[in-house]
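The listed protein sequences correspond, in order, to chains A and B. For what it's worth, my numbering labels the leading residue of the first sequence as 1, then goes sequentially. For what it's worth, my numbering labels the leading residue of the second sequence as 396, then goes sequentially.
Don't take every hint at face value.
Pairs of lysine to aspartate or glutamate residues, derived as DMTMM-like cross-links and limited to a Cα-Cα distance of at most 25 angstroms, are as follows [said to hold, decoys possible]:
| # | chain 1 | residue 1 | chain 2 | residue 2 |
| --- | --- | --- | --- | --- |
| 1 | A | K289 | B | E855 |
| 2 | A | K267 | B | E855 |
| 3 | B | K859 | A | D188 |
| 4 | A | K40 | A | D296 |
No lab work stands behind these hints: they were computed from the structure.
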Amino acid sequence: MSHEILEQNDDLITINMGPHHPSTHGVLRLVIQTDGEMVKTCKPEIGYLHRSIEKIGENLEWYQFVPYTDRVDYVCSMNANLAYALGVEALLNTKPETAVEIPLRADCIRVLFAELNRISSHLVGVGAASMDMGAYTPFLHGITQREFINDIFEKTCGARLTYNYICIGGVMRDLHEGAEAEIRAFLDQLEPAMHSFNSLITTNTIFRGRYAGVAPVSREMAIAYGLVGPNLRASGVDWDLRRDRPYGLYPKLKFAVPVGGAYGGSKGVLGDCYDRYIVRLLEIVESIKICRQVLDMIPPPAEKADDPIGGYRVDVTKKLRTPPKGGLYTRVENPRGETGYYLVSDGTKMPYRLKIRTGSFTSLSLFETLVPGLMVADVVALIGSLDIVLPEVDR
Amino acid sequence: MNFGPVQQSIAASLASWGVPHSGSELAALLILLLIPFGVAFSIAGVAQYFERKVSAVVSRRFGPSTAGGEGILRLVVNLAFFFLPAATRARLEKTVANLPGVKQILFVVSYLGLGQIVADGVKMFTKEDILPRDADRVLFRGATYILLLASFVALVAMPISQNFYLSDFSVAALYVSAVTGVGVVGLLMAGWGSNNKYSLLGGVRAVAQIVSYEIPIALTIAAVAMWSGTLSLHGMIAAQYHPGFLSFLGWNLFQSPFFLILSVVYYTAGLAECNRTPFDFSESEQELIGGVGTEYSGLRWGLIFIAEYTDMILVGGIFASLFLGGYQSPLGEQWIVALPPAWEALVHGAIFCVKFLASIGVMMWLRWTLPRFRIDQVMRLAWVRLIPLSLICLFLLAASMLWFGHDGQVAQVIHGRFVSSLVVRPEGWQTASVWGVTILVVAVLVVLAKKFGDPKPMPEDVRKALVGGEG
């Protein structure tokens, strides 16, 4: 197989990294040619997880597609739900007859859960990145914290991975009894836990030696390749949709946008693996702040008498049968960067066209230029630091 | 070669049963060789259990606690009564499980996770031994034996106690480092013979790494040999004897500051020798899937695994012999020496076990805490850091001995013609001055490194956000 992809060269070893490889984070296949430890060429092969989700979406009613968005990026399903829900709501809002107004409580829950899921996604990202460097324990520390978030989500929506919770018009259910106190308690213990995580691995000399200065992506290159999210910010581009193109509750919230700054000491270069890793950790800190602010402003649940569905959802089923005609693109800042939904409606109950734009796909396009010249172990470091989730690439 | 008294007594009793003299010596040696095999095999199992528990403690989880007692019971009953029909065996199993006390025992067994050892052993013995297509049959199969042999024959020289040991010969320290070096051939054979590119890369990495790290190890052994005037491990331990109650004061570790540095060098290089994290390059799971062991399965993989654990025991044992007084007790050694030989052997053997187990424990602790180096960083560490450091220490140690001793005697020490009892060592104020000067130099170096070390430290606010207030 590999011979079809790469030119034959007798001096080089052709190695198939993946699709079954411990650290390609799913079913990614990299065909690399190495001269000993040095990689000379690299060709990523994708498509092993293609489920034609976009085509399925064109054959489902608008609200039926929400569970499929979970499967686009299962590490941060809440954010994926949110992106689609915001897209359809924006489509409905283009005509005054079908406009929807989301209750404040629903908006608060959406942002709260989106940020909690961002924390859990980044925990998986940095944990897996450290595991790729051979340190198994930090990964477990990250996963332990993620379990608490999963527990909170499970109590509210009943699922631990694919939540199907944020829906068009609000959220599926109200927060469970005592959720606010639980989330506060979780955030209070998360901060010291992250400090111990960072003193265990982030400031470790070996780890920094492995990540600092490896595979740097310059500012221009990051923009040219269409990098998004933490990977873009790590290259020094100060761009966050939550702040620069705000949606939902975000205009009312105060938070910083961490950008890369060659944190890796004397060997560090702007936009190297270490910067990408550090930006994710700093985003966890900011997400904790956002969650605390949202918890302070969340309104109490509405009385049943004056609101039949409790102030967390508005009924949009009738409006979705005859949505306005036209197409629009909505984008949302997800843990893996900008996730955009291009929705085209022909006025029927099903979308005419549905296109998803994800962050991992563009990150993957970097490999062909970035990998040659690295060592085999650095390829693994690069995959880990870009935090690729393969179902998001293939869809 | 001078064999231990145990072997001689075995040989004598064999001879009294009519075995010819030349054969009885050999037979006694073979019988004795079974001991390290048995010890290593069982220690590999225990160490694996130990490793799981250490990893669980380090990563704050429960570890192997669910391996069921019921499964073990079923296995034992099925194996012991294999001749009975299956239905009878099932009934028997139920009866045994309902016996008074059995439930409690099974609970304890599964609570401690002891079943995991048994389950692993059974799995290893019963899995298929796969020979990959196009693999080099001879190299692929032979590699495991060479790896195992290289680790096991070195165990012969382990100084377990003063009166009970397998063999004592004048070049034991040299022998151990030479014999373990043969393991490299096994790794290379496994890497080439598997017909797998990951294995090949793993094998080449392992060879580059182990060959480099043998140099600091050899230099460290040379330093200790120079100090105690002998290459025999028993001689080195005997030279560390201190008659007072605080007998640990005689250990090499506390003799000279250069030994303190050399012990760190030896331990680091030893980690690299037995392919443990942060130097686990022959395996490096995240990059090379399984490294040299990728294509091995079943018991053959288990043999590689046992060889690795035996290497750990070896490094721990040699480390203890070189720097921690070997089998000697840290306190009140003079009373243990005076015990009857059998008791002495028992106490000293136990102390030796504790020492190398502690060393293995630290290895496991590091394994579950540290990430892995990159191969070029590892080579740099060996050639740019450890080898110059051990050379400097060796030179300064010799200089301090020369300075404080009679030069004629030191010349003899360097030529290796000296007996341990006559070694010249700095005493009193001389020792203090060596320690003082070294500590001063190290302190100055540390201050300089802090001042000019990292020209671009992490910004204070970022550091604070990541690791909290005090860092």
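Hints, one by one, checked against the model:
1. A:K289 <-> B:E855: holds (19 angstroms)
2. A:K267 <-> B:E855: The hint holds at about 18 angstroms.
3. B:K859 <-> A:D188: Status holds; Cα separation ~17 angstroms.
4. A:K40 <-> A:D296: violated (54 angstroms)
Checked against the numbered hints above, the structure violates only hint 4.
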